[in-house]
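Peer 1: If you want the building blocks of each chain, they are given just below.
There are 2 protein chains.
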Amino acid sequence: MTSEHNLRLTALRAAMAAQGLDGFVIPRADEHLGEYVPESAERLAFITGFTGSAGLAVVLADRAAVWSDGRYTLQLEQQTDDALWERLHLIDEKPEDWLVSHAAGRRIGYDPWLMSADGLERFAASNMVAVARNPLDEIWHDRPAPPMGPAVPHDDAFTGESSSEKRARLGAMLREAGQDAAVLSDPAALAWLFNIRGSDMAFTPIALGYALLFADGTASLFMAGEKLPAETRAHLGNAVAVAERDALPDALAALTGKTVRYDPASMPVWFKTTLEAAGAKVAEAADPVALPRAAKNAVEQAGTRAAHLRDGAAVVRFLAWLAEAAPTGRETEMSAAEKLLAERAKETRFKGESFPAISGAGEHGAIIHYRVTQESNRKINPDEVYLIDSGAQYLDGTTDITRTIWTGPGPAPAEVKDHVTRVLAGHIALAMAVFPEGVAGAHLDAFARQALWQAGLDYDHGTGHGVGSYLSVHEGPAGIARAARPVALRPGMILSNEPGFYLNGAYGIRLENLVLVQTADFGARKRKFLRFETLTLAPFDRALIEPALLTPQALEWLNAYHARVRAALSPLLDARSRTWLEAATGKI
Amino acid sequence: MTSEHNLRLTALRAAMAAQGLDGFVIPRADEHLGEYVPESAERLAFITGFTGSAGLAVVLADRAAVWSDGRYTLQLEQQTDDALWERLHLIDEKPEDWLVSHAAGRRIGYDPWLMSADGLERFAASNMVAVARNPLDEIWHDRPAPPMGPAVPHDDAFTGESSSEKRARLGAMLREAGQDAAVLSDPAALAWLFNIRGSDMAFTPIALGYALLFADGTASLFMAGEKLPAETRAHLGNAVAVAERDALPDALAALTGKTVRYDPASMPVWFKTTLEAAGAKVAEAADPVALPRAAKNAVEQAGTRAAHLRDGAAVVRFLAWLAEAAPTGRETEMSAAEKLLAERAKETRFKGESFPAISGAGEHGAIIHYRVTQESNRKINPDEVYLIDSGAQYLDGTTDITRTIWTGPGPAPAEVKDHVTRVLAGHIALAMAVFPEGVAGAHLDAFARQALWQAGLDYDHGTGHGVGSYLSVHEGPAGIARAARPVALRPGMILSNEPGFYLNGAYGIRLENLVLVQTADFGARKRKFLRFETLTLAPFDRALIEPALLTPQALEWLNAYHARVRAALSPLLDARSRTWLEAATGKI
Chain A
1067 MTSEHNLRLT ALRAAMAAQG LDGFVIPRAD EHLGEYVPES AERLAFITGF
1117 TGSAGLAVVL ADRAAVWSDG RYTLQLEQQT DDALWERLHL IDEKPEDWLV
1167 SHAAGRRIGY DPWLMSADGL ERFAASNMVA VARNPLDEIW HDRPAPPMGP
1217 AVPHDDAFTG ESSSEKRARL GAMLREAGQD AAVLSDPAAL AWLFNIRGSD
1267 MAFTPIALGY ALLFADGTAS LFMAGEKLPA ETRAHLGNAV AVAERDALPD
1317 ALAALTGKTV RYDPASMPVW FKTTLEAAGA KVAEAADPVA LPRAAKNAVE
1367 QAGTRAAHLR DGAAVVRFLA WLAEAAPTGR ETEMSAAEKL LAERAKETRF
1417 KGESFPAISG AGEHGAIIHY RVTQESNRKI NPDEVYLIDS GAQYLDGTTD
1467 ITRTIWTGPG PAPAEVKDHV TRVLAGHIAL AMAVFPEGVA GAHLDAFARQ
1517 ALWQAGLDYD HGTGHGVGSY LSVHEGPAGI ARAARPVALR PGMILSNEPG
1567 FYLNGAYGIR LENLVLVQTA DFGARKRKFL RFETLTLAPF DRALIEPALL
1617 TPQALEWLNA YHARVRAALS PLLDARSRTW LEAATGKI
Chain B
1067 MTSEHNLRLT ALRAAMAAQG LDGFVIPRAD EHLGEYVPES AERLAFITGF
1117 TGSAGLAVVL ADRAAVWSDG RYTLQLEQQT DDALWERLHL IDEKPEDWLV
1167 SHAAGRRIGY DPWLMSADGL ERFAASNMVA VARNPLDEIW HDRPAPPMGP
1217 AVPHDDAFTG ESSSEKRARL GAMLREAGQD AAVLSDPAAL AWLFNIRGSD
1267 MAFTPIALGY ALLFADGTAS LFMAGEKLPA ETRAHLGNAV AVAERDALPD
1317 ALAALTGKTV RYDPASMPVW FKTTLEAAGA KVAEAADPVA LPRAAKNAVE
1367 QAGTRAAHLR DGAAVVRFLA WLAEAAPTGR ETEMSAAEKL LAERAKETRF
1417 KGESFPAISG AGEHGAIIHY RVTQESNRKI NPDEVYLIDS GAQYLDGTTD
1467 ITRTIWTGPG PAPAEVKDHV TRVLAGHIAL AMAVFPEGVA GAHLDAFARQ
1517 ALWQAGLDYD HGTGHGVGSY LSVHEGPAGI ARAARPVALR PGMILSNEPG
1567 FYLNGAYGIR LENLVLVQTA DFGARKRKFL RFETLTLAPF DRALIEPALL
1617 TPQALEWLNA YHARVRAALS PLLDARSRTW LEAATGKI
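So the protein lines, in turn, are chains A and B.
Numbering follows the numbering used here, with no gaps: position 260 of the first sequence is 1326.
Numbering follows the numbering used here, with no gaps: position 121 of the second sequence is 1187.
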């Protein structure tokens, strides 16, 4: 590791010097600033060795530093060479402050494709220079090719609204805001707007690309031609001009005098500076696709219900199997995850997992972002806590579910039941919430925590994230978390409801269903109220529930939910799974 | 009204023209940008006739407009002349947009003492010109003199920390932030920092003035000399230089090269521009007094408990009296408020009301900011809902309490009891909340609303505001409201807990206690948790409570609270009130 990364660092410094740069910033990001980064854009890993999902490096002529957050402290130390890199925490010593301390006034290069305008703004105290060619790319000789998976049409029968209808609707939004066009750089925004689904990335059916949407409802799509088969080109139609990414600079240069919408929080700053250089007026505003995509229409809602029904059947077959297999001590985290995937693969419209399953037995469950590997894989033992967080992509919807299981055959300790039931009480309090329009997830987050808080307990993650429709399992702009931007919840939004509790070195608990925001009908009252419809269908493990800790209303909710799960799934199950479900959903 | 305001408007336009101004902005604000405005600064009322507590006017040569919010729509129309003024809503048509539409590019004057930097920023699209002399003041010939009440020392026995200790503590904060000095423009900040209490305003014991606090703990206080008797000057000591307000420009001019803290949200922009002109570096940050003042020390906490004990005794004597008087139909909103004031005036350390009592019978209770006048005063009838929201200033603490009463003698209708009990359930849910450090009021607000939301009901005001220590009854920076800045709650903060429900034309419900933020002890756990200690001591009217609507935990809280009220207050009461309290606090 060391000598290889030493050579790379030396080469990078030479490439920087050739461009007259005193420093260079390497964020963990691709050219779309998305959550998932293709191998061809894993620049931070190439130069430092660090493969975590959050980080940044700064290379100066005489020193270099790499940052990550608390989740990755150990991994950062293991994967990087302390002779080459200072290893720092993103909160304790901010990169922008480090730069001011160690390179004040010097020319620090950055790749304008890998930073948003807001991200660059953080470095305002330094002398930041946009590079035309990324010096790291110049020395990365065995760089993997960018993904070139085909993008296919996604049928209106699943989307409920044609691409031309969507473009007309958003075009009208732009006109109303006095905007002539909008930049789109989020591949999930393209997938939604053009009703296409790609295969560039595992788990999320997106095709990497960019677009310009015009106020008249036409658009230009910038995407590698080899990803677009004839069927997709026909689907896109005449109102969508298709071009290679290379055509972007000329397309922006043609926008002189136009007002162009650009999201400084989520889009590469390259767009902003190129538009400004072209004499366009940049209107900073949120990605125009984000809110319309989040509010699912009736067809998408019906689709997600159907997908959750099939997913629920697969999960219940898995749980019924696990109930027999777990106490034997013969299964492993990996074999269990494979069994669940195999059950899902039997379902129609199944396209793959929506993220790598988190299959954590005992102490592994307490690692919030645990991913089982050949090295970490361990047996699932009798009489311990087992957590499985997984999801699937179906053509008609995306799922995400977490269940926490007592493997048996003995009874669960009282303390574990106490912790699980407090998490469940929070899950139910959120599931039962009714709230007026205007309320955001940040205002509801405490409902999911109150039972834990009463015992001096909490969990260090948000309670919920948005979920797409056969699209990203983490979808903005709404969420349920204190730190979340206060985006008001709207009918049609799909969110996760996933409180948890983690006892380091012992076990992890998380109970997750997806919920759909619906209007709540209170008759003639003026104010509009909203509520959650729970989409996910699978029982919570009664071996871990202490009924005395639930209020009568919560217990009533749980019994009604279990009855609904039983009624909905029983017809879809084999006899053995059905028998197990009968017992698992009996009245408590 | 018309001819008088017509003359004033004509005179103002002439004074504007003499200064070369095309327009002038008149906010409803004084030179401290506080909630309460002395008569000498009621410029908006002088020029428009409108006396509401929120508003703004813009005068152009050929047109003029006045704004307020939804609370004041009717009052705005009644008090202003539509031949002179367009009457507009602050949200529907923003003043800054109106100015762009009607006076783009023209010279619009503003008084830099009457706007914060943030407030001015809203008008960035207009050509705003700071005036050296306010043209309205030039034509306001019978303008009342500014208040000149004496400011007296507030004993360390009540403050728990001497002024020199406070100044040393805040001076160290400034040094740590690399700041040489801080501007203070909030009279309540001066009151806290210098341990003085004034008499310039009704209800809030402040003395209008300004200060500069230096990093070495010394300070300059700019306040009219006639407000400072010898005793106060001696109390201020040698480390506090006293000067007239006229000395401010020279004092700021002397700060060349210094870094001076200034709060753009709460301080007149005059300070910012004057500091910049002097060559000082302006460090924009929150008023340094706000957070330290909000977190009451042990002495202040003991003081507020003692004040609430006496206040509770006065309130209970009033409620016992009301229980006999109300069913007779002989009392009025005004006579009841006077009776309560008389009971409070019997208590030691009583200094006056902390705000004008809201005494609203029946439909008046539904007017959230109702203030009884000779004209509006009406009888309190038998068998109706009566709401009284009042508070007092004691040397050792400030109180604020709302109770909602069924006047009897008949029973309350089921719907009223349903509404009251939902409000009470919210009040109790918040009172019982336990939460980790870092949580802000915005994250807890929903606890107080959930029982109402479940029935499709809500209230259009925040759930809680900060309260001072023998100081302002509305004190920043923390609050319990969705819209509140997310200021984390800290031990020692005093907040109100006041959910409500209002049925227009029928009745209003509000149940308010003050609460004190305390640490919650969960033994050896790492994370620090907080909880609320309820300070206010007075029973909730059992005639309006439907026990079946409360959870067992909520009922337990209510019975324990009533038992605490009984035990604490009985020794302080006359026999008749004590007998009433016995019954009013019996187990439900």
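It is worth saying that the hints were derived from the structure and are not from the lab.
Just to be clear, a hint being listed does not mean it is correct.
Each pair may be met inside one copy or between any two copies, as identical chains are not told apart.
Below, simulated DSS-like cross-link-like pairs (lysine-lysine); rule was C-alpha separation at most 25 angstroms, straight line [claimed, not checked]:
(1) Lys-1483 / Lys-1594
(2) Lys-1160 / Lys-1417
(3) Lys-1653 / Lys-1347
(4) Lys-1445 / Lys-1483
(5) Lys-1347 / Lys-1324
(6) Lys-1445 / Lys-1160
(7) Lys-1653 / Lys-1412
(8) Lys-1653 / Lys-1445
Peer 1: Decide, hint by hint, whether the structure agrees.
Peer 2: Verification of the hints:
Taking identical chains as interchangeable, the C-alpha atoms of Lys-1483 and Lys-1594 lie at most 25 angstroms apart only when they sit on different chains, with a minimum of 24 angstroms there against 38 angstroms within one chain. In the homo-oligomer, the alpha carbons of Lys-1160 and Lys-1417 never lie at most 25 angstroms apart, since the shortest distance is 41 angstroms inside one protomer and 51 angstroms across protomers. For a Cα distance limit of 25 angstroms, the shortest separation of Lys-1653 from Lys-1347 qualifies neither inside one copy, at 62 angstroms, nor across copies, at 69 angstroms. Taking the closest pair of Cα atoms, Lys-1445 and Lys-1483 come within 25 angstroms of each other only inside a single copy of the chain (22 angstroms); across copies the shortest separation is 58 angstroms, beyond that limit.
Taking the shortest alpha-carbon separations for Lys-1347 and Lys-1324, only the intra-copy value of 6 angstroms comes in at or below 25 angstroms, while the best inter-copy value is 38 angstroms. Within a single copy, Lys-1445 and Lys-1160 get their C-alpha atoms no closer than 40 angstroms, and across copies no closer than 65 angstroms, so neither meets the 25 angstroms cut-off. For a Cα distance limit of 25 angstroms, the shortest separation of Lys-1653 from Lys-1412 qualifies neither inside one copy, at 30 angstroms, nor across copies, at 60 angstroms. For a Cα distance limit of 25 angstroms, the shortest separation of Lys-1653 from Lys-1445 qualifies neither inside one copy, at 32 angstroms, nor across copies, at 56 angstroms.
The structure fails hints 2, 3, 6, 7 and 8 (numbered hints given earlier, in ascending order).
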